[in-house]
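Participant: Here are the chains, one letter per residue:
2 protein chains.
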Amino acid sequence: MSRETPRLSLATVCLSGTLEDKLDAAAVAGFDGVEIFAPDLVADPLPPAGIGARCRDLGLSIDLYQPLRDIDSTDPDRFAANLRRAEATFDVMAGLGADTVLVCSSVAPDAVADPDRLAGQLHTLAGRAHERGIRIAYEALAWGRHVNTWDASWRAVQAGDHPALGLCLDSFHVLARGSDPAPIAGVERDKLFFLQLADARELSMDVLSWSRHHRLFPGQGGFDLPRFLAPVLRAGYTGPLSLEVFNDVFRQADPVRTAVDARRSLLALAEATAHRGVGTDPVGTGPPALTGPAFVELAAGPELGRALRALGFSRTGVHRTKQVERYEQGDARLLVNAGADTGGSGSGTGSAIVALGLESADPAASARRAARLCAPLLPRSTGPDEADLAEVSAPDGTSLFFCRTAPDGPGPVWSHDFVAVDEPPVPGTGITGIDHVGLTQPYDAFDEAVLFHRSVLGLDTVADGEFAAPFGLIRSRALADPARRIRIALTVSLLRRGGWSPAVADPQYVALACDDVVATATAARDAGAPLLAVPANYHDDLAARLELPDATMAAYRELGVFHERDGGGDLIGVCTELLGGRLFLILVQRTGTHDGHGWADAPVRMAAHRRSRLPRA
Amino acid sequence: MSRETPRLSLATVCLSGTLEDKLDAAAVAGFDGVEIFAPDLVADPLPPAGIGARCRDLGLSIDLYQPLRDIDSTDPDRFAANLRRAEATFDVMAGLGADTVLVCSSVAPDAVADPDRLAGQLHTLAGRAHERGIRIAYEALAWGRHVNTWDASWRAVQAGDHPALGLCLDSFHVLARGSDPAPIAGVERDKLFFLQLADARELSMDVLSWSRHHRLFPGQGGFDLPRFLAPVLRAGYTGPLSLEVFNDVFRQADPVRTAVDARRSLLALAEATAHRGVGTDPVGTGPPALTGPAFVELAAGPELGRALRALGFSRTGVHRTKQVERYEQGDARLLVNAGADTGGSGSGTGSAIVALGLESADPAASARRAARLCAPLLPRSTGPDEADLAEVSAPDGTSLFFCRTAPDGPGPVWSHDFVAVDEPPVPGTGITGIDHVGLTQPYDAFDEAVLFHRSVLGLDTVADGEFAAPFGLIRSRALADPARRIRIALTVSLLRRGGWSPAVADPQYVALACDDVVATATAARDAGAPLLAVPANYHDDLAARLELPDATMAAYRELGVFHERDGGGDLIGVCTELLGGRLFLILVQRTGTHDGHGWADAPVRMAAHRRSRLPRA
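First to last, the protein sequences are chains A and B. Read in order, the letters of the first sequence correspond to residues 1 to 617 in UniProt numbering. Read in order, the letters of the second sequence correspond to residues 1 to 617 in UniProt numbering.
According to the in silico footprint, chain A covers these stretches of chain B (three or more CB under 8 Å from chain A):
1) 85-94
2) 241-251
3) 495-502
4) 537-545
Okay, the calculated beta carbon distance ranges per label pair:
5) A:Ala113 - B:Asp566: 24 to 30 Å
6) A:Asp224 - B:Gly465: 31 to 37 Å
7) A:Gly339 - B:Ala600: 52 to 58 Å
8) A:Pro502 - B:Arg128: 35 to 41 Å
9) A:Ala113 - B:Asp161: 54 to 60 Å
10) A:Ala406 - B:Met205: 48 to 54 Å
11) B:Ala88 - A:Ala406: 46 to 52 Å
12) A:Arg227 - B:Asp161: 51 to 57 Å
13) A:Arg128 - B:Ala554: 25 to 31 Å
Hint data in this document are derived by calculation from the structure and do not stem from the laboratory. Please read all numbers here as calculations on a predicted model, not as lab measurements. From the three backbone atoms N, C-alpha and C, an ideal C-beta is built for every residue, glycine too.
Isolated chain A (complex conformation) (with noise of 0.2 Å):
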């Protein structure tokens, strides 16, 4: 398999730290060059040539200095000024060794209007540049003064008319305004001086502050990046594929695992481009194959495996060598791990989701495909009679293993590590299946695990909101495959939780499918599985909004039902307490097309679960 990796780019504002930890993490990520903040160099205390050196040490280039502002204007002492200010900035350019200078287009009150002046502007600071072995690439910011949009900074770059000028596009800039980025194909290749990529989600705020703010990784926010990318690979464009994304978050989290988020990226966005026929394929391998949910683990709390039986579920094998038993109802499979770290922040001991099997048609393509982009492969400790599975760990430390259950197809079963048990099966109380599983993802990983998943499971987001839960607002997005076989919830807190936070730290769920879940919560419920007591006020208001029957608000009422509706149709739900620290479980039926994940009644369900911990009185 041929495979061909662009070279690749970060802009050291997507980092945090100072200079020394934003090179230092670019190369650990393995990114081929930077491009170099202005702001980020005066603070440090090394000379660009110093600079300069340090980058070469790192097997870094430094393929943007960046940026030049406001530098034409319709005075001509201000505009010989700023031609001072341009010969430092390119003085530092030849201490670091960097030959191109991104120039914004001007927001400054004494920007030129006059398409003929600025052209002339532009030509002498090209000129100037030229002198010094530097090119410029010129910019149009979407709140500009007067050149806004690509097309209009390409035609200053036409009229300027000098060979050290050049254009600098930026996905963020074109797609924010709606542009189309079609006729990029067009532009001539040798004025293709330097690409800069950046996502972005859709934002009702002014373009400033979605700009300098909420910018994303490509994948991870809305922004179709491969139809921005291709005209431009189209158009000839062979530099590096760089990536300038200003986010809060990102500015303030380990800039290492912010460097290898940013490098998935790029590697995606190449292969998804590649895919619609431009460009080549840095990954090689398409998305797997992936038909639903082998297994999920968890760590063994002591509350678990009576809940489980409770629910219905049959203790049917044992791991050959380590402390785990296999549990299984229908097409859902529990391993409950008592040898297990639990993970989660402050939670304690107790249970929780260790990992998650995922069949595929080919683990070691998976495997192979997750390690492309950079997923951290865990090095496995595997008995000789063992299956060897391929495991990954996603950004919340959940373990991701590639596997098959069934014995037909290529690699191993992982069901073959498990001796079966000799004990009678319990009564099944109806569950089918898992429908998906909800993981608190880490604050400032709530974007990398986006992209995670949307790359290296190929899921793709089917929801993404927020909600008020009583503790603060919690952010939502879900993943799955087309086929709905595979979902993943995902949430965390819009403000990372201070000192006062009594809620359920860091939550965790299974949703167990099943067709009837009254039938199945009752026969639970009968055989003493924990439900969840759930208000009054909320039947009451359930009754009013929705108008069924008195009988099921009966039995709603009895067992603790949610039930939320959309337009393709019903998500009825019965949850369990707590079992240990964090975890619960949820039966769940689904009707129609309901695509949700229950985050309607998620503040309810939140209060309830709070409330079942306080002491009782």
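Starting from the structure of chain A, add chain B where the hints point.
Facilitator: Chain B alone, transformed into the frame defined by chain A:
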């Protein structure tokens, strides 16, 4: 002095927690009543009658139940269903014992545009309510489909023409749209059913997001709330002043603390409105005449005394009973306390700002005002001959003393508690006084701190912004008196920091004024003061920006001088290294009317401070 406090009410949406947490917090803070937000009730295990009883036990009236949304409809069946939904709400209210419900203007696609039809439906709704002894308070959401201004809602109420139909006015919806509140004075008194108050900073985003995430308590934002409240009171409104503030930070912060902050905001608003001649003043004593900093008290780290001597401070006294030394130079007075708690989160031991002494024309009146504005008065242990200084605690834990330095005037003189020491004075370096103090605020208390300093001290915001620091974005806000004798610069991380945060935690500084900072810094350096090394790159950049004389630049490079310019003049400063974990000192020279606090250069300084703490190679 006659004081009268209006009835004060708080919406449960303002607070974090479950309904129980919220009601308890409102009662602890001294509110008279609450607005109950329906989702808080829905998640509560007590039935409505139980919640009503709980409120009565806590001394809280239920002034409003909210909201009923999207009531009117162009679809008769939908309208009938909406009336059934309203009846269910009236059932809840009967249980609560609440008699007023908020009805928001509809945002639904089927909202009624025709004024007569809308009036008819509102009349019908009011009739149903009236039968249950309930009043409808109709409010225009700023993003309502057809009714989205207060005067449109007033026309609908007039046309609806029912004694149980009146107006709810919300300052956010009126002021966010830029509507003129003055004509509210002409609304019929009996139709003003309810009043909701909220402030906000000017943000350029869609009004819905602005309203749902970024409302503030009065005095924390930029709205002119007295201009809104005055015409409402002139119209004859006698109901409660109620806060409805959706704020992401408040929704995850300690609810008791938020409720106290909320109550302070209403008291200060009523005072400010009374000062404009409308309504009664619950505070009853105007803002104190504060004429400057009396002293800054520092917890003593080991480096502090030596650094102060090198900066030209003489030790002039020791406290009669406490381990406190007094240092003086010009009008700069610093107390060094060897027995103080150094505070701060995670900064370990070392020097810190623990108190500010503020010169008050009437210290006792200042303290009385602070107490009436809910400032925590700290218990004092005072020896028999010692000054009984009034001490209150600011939101970040800094103590504020209201006191006098000069022996003329009422109240105790703080410096009488010190016995002069018989030491030769250290040669001064030209420090003339205290320019300002810089204090990092706790994440959840930033807006609280702004209001505290505005209301309790009578300061006002003179700068409000944010900047990108090496380890994340920083919000900044400076408060000062009109004469700029007292300046306090507050900062906070835009996002609460996580595990990766190598920055200096919670930095604090005292900015010391001088007339010639180069001369002062030279003398201090020669005496061994630990001045902060500033990168040459910074000075290269400065030279390119400001075109200063070469001799000036040479001195700047040698001493590590920072230089900022605004329209009014220059701020030229020299920092010390960190004196312990978090404290440093700055020498500052202000020219003209420069009104800044060094935030443009703060990122360079922060990187340098972090570097100075790295292990030496």
